[in-house]
Structure formats: structure tokens, C-alpha cells
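Sequences and hints are given; from them, build the entire structure.
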Amino acid sequence: MRIAVTRIAEKGVRDALTCRRHGHECSTVSPLRIEIYQDRVLSFVEAANRGDLDCIFFASAVPAEVMGPLLRSPPRIIAIGPQTARTLERSGIRCEILPSFYSRALVPYLGDWIRGRRIGLPRADVPNPALLAAIEAAGGIPVEVRCYGLVPTGTPLATDGADALLFTSGSSFSRAVWQPRPGLLLIAIGEITAEVMKEGGATPAVVGDGSLEGTLKALNDFLEKKGRGRV
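Count along the sequence shown from 1, then add 121; that gives the number in the numbering used here.
There may be inaccurate statements among the hints.
As the list claims (entries may be wrong) - SDA-like, lysine to any residue: derived pairs with alpha carbons at most 25 Å apart:
1) K346 x L307
2) K319 x T276
3) K338 x D284
4) K338 x G304
5) K338 x A137
The hints are simulated quantities; they were obtained by calculation from the structure and are not laboratory data.
Shown next, in the form of C-alpha cells:
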């Protein structure tokens with residue numbers, strides 16, 4: 122299939138290789154662009170380098186790419202997935218990877234260790250009160266910095282030549298300019314994105330596990346079942 126994947130323009134480089142490995146072609150469509158808040162980045166990094174944090178959780182490759190080169194002696198580092206981990210490793214930072222691609226897995230992963238620990242959360246300028254509440258309920262101290270914004274490009278998504286449109290986040294759906302059309306297969310990268318799409322009246326046919334790799338596997342399962350008349 123030809124799949125349009127919502128990504129920040131410069132962040133979709135690896136997607137083509139991943140899609141080809143699963144038998145598909147993809148193109149990047151960009152409903153959002155990144156705006157880095159440099160003053161917040163520097164303030165957070167200074168705190169980390171002073172030893173004010175016990176752990177930093179990178180829920181995206183964006184802050185990992187910006188902050189990684191500036192961290193001199195980082196505390197315990199946790200990445201949400203392999204792509205974010207690879208970004209940190211390019212800066213020489215070893216990290217752990219969550220067992221699933223959702224921020225809600227952080228607190229169970231840390232277990233009792235979290236009690237009394239200051240958990241750094243460099244994030245997009247999008248609220249996640251559930252994560253903060255979960256850390257506090259477990260006895261941790263969340264130190265959130267919203268260090269970058271996601272700004273709508275206002276550019277209509279180019280899907281004319283695509284068989285499918287894959288939304289990689291709730292924000293990429295809710296802030297996108299696009300036009301549904303018959304035959305365009307809608308895909309959500311994970312269940313959270315799927316919920317946002319359903320609320321917006323666009324129920325996805327395929328829902329992944331939070332990663333592109335897992336989503337393409339789910340797509341192939343869907344297509345196989347469809348070919349057998351089971352969908």
C-alpha cells in the first residue's frame with residue numbers, strides 16, 4: 122500500500138525503510154512543525170547537570186535530540202521507545218527503554234524506586250495530567266518542562282496518491298487539515314490516537330501498538346484477514 126504518514130517534516134527519514142520492510146511505500150505529510158523553547162531547554166539541562174534530578178523520562182525523540190548533547194553527567198535515563206533511545210545513544214547517553222510505547226508504563230516500570238525521586242519530564246507543550254498524577258500517587262516528584270511546541274502548519278495533507286493515512290499522534294489528527302475520501306484507509310499508531318480519532322468522527326480501521334513497526338504488522342494482519350473475507 123501507499124501510506125501517508127503524519128510526521129514532522131524532518132522526522133520521517135526512517136519511515137520509508139520501515140515501510141518497505143513490511144511491503145509498503147510511504148510518504149510524509151506534516152500537519153505540525155516543531156518550535157523549540159530554548160530558554161526552557163537550557164534551564165532544564167542546567168538542573169540536570171547540577172544533579173537536581175534522579176531520572177529523566179524522554180517521551181519523544183525531539184527533546185532527546187535537543188538535550189542529549191548538552192547533558193554532561195545525566196541521571197537515570199529512560200526512553201519511551203527504540204527510536205528515542207537511538208537518538209540519545211548518538212549523544213553517548215545510555216538509557217533504558219520502556220516495555221511499551223505509552224507514558225503510562227513509566228510508573229509501573231520504576232516500581233518502588235520512584236518514591237522520593239525527582240522525575241524530569243521534558244515534553245511537548247501538551248497537557249498530560251494523568252502522568253503527573255501517577256508519579257505523585259506513587260510517591261515521586263514530577264519535574265515537567267514543556268520544552269517545545271507543536272504548531273499547525275495549516276497545509277492540507279497530500280493524500281491524493283495514498284491508499285492509507287496513518288496518524289502518529291492525537292495532535293497530528295486533531296490539528297490536521299485533511300479531507301476524508303472513499304477508499305482511504307485510516308490508521309492510528311496506537312490506542313490513544315485511535316480514541317482521539319473516534320472522538321473526531323474518524324474511526325480507524327487499523328490500530329497499532331504505539332510504534333510504526335507494530336502498526337505496519339497490524340496493517341498486514343488486517344489486509345490478510347480482509348483478503349480472506351474476515352474483515
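Hints, verified against the model:
1. A distance of roughly 16 Å separates the Cα atoms of K346 and L307; the hinted pair therefore holds under the 25 Å criterion.
2. At roughly 22 Å between alpha-carbon atoms, K319 and T276 fall within 25 Å of each other, so this suggested pair holds.
3. Under the criterion of a C-alpha separation no larger than 25 Å, the hint pairing K338 with D284 is consistent with the structure, at around 16 Å.
4. A C-alpha spacing of about 20 Å is found between K338 and G304, which places the hinted pair at or below 25 Å, so the restraint holds.
5. A threshold of 25 Å between alpha carbons decides the hint, and for K338 with A137 the separation of about 15 Å falls inside it, so the pair holds.
Of the hints listed earlier, there is not a single one the structure fails to meet.
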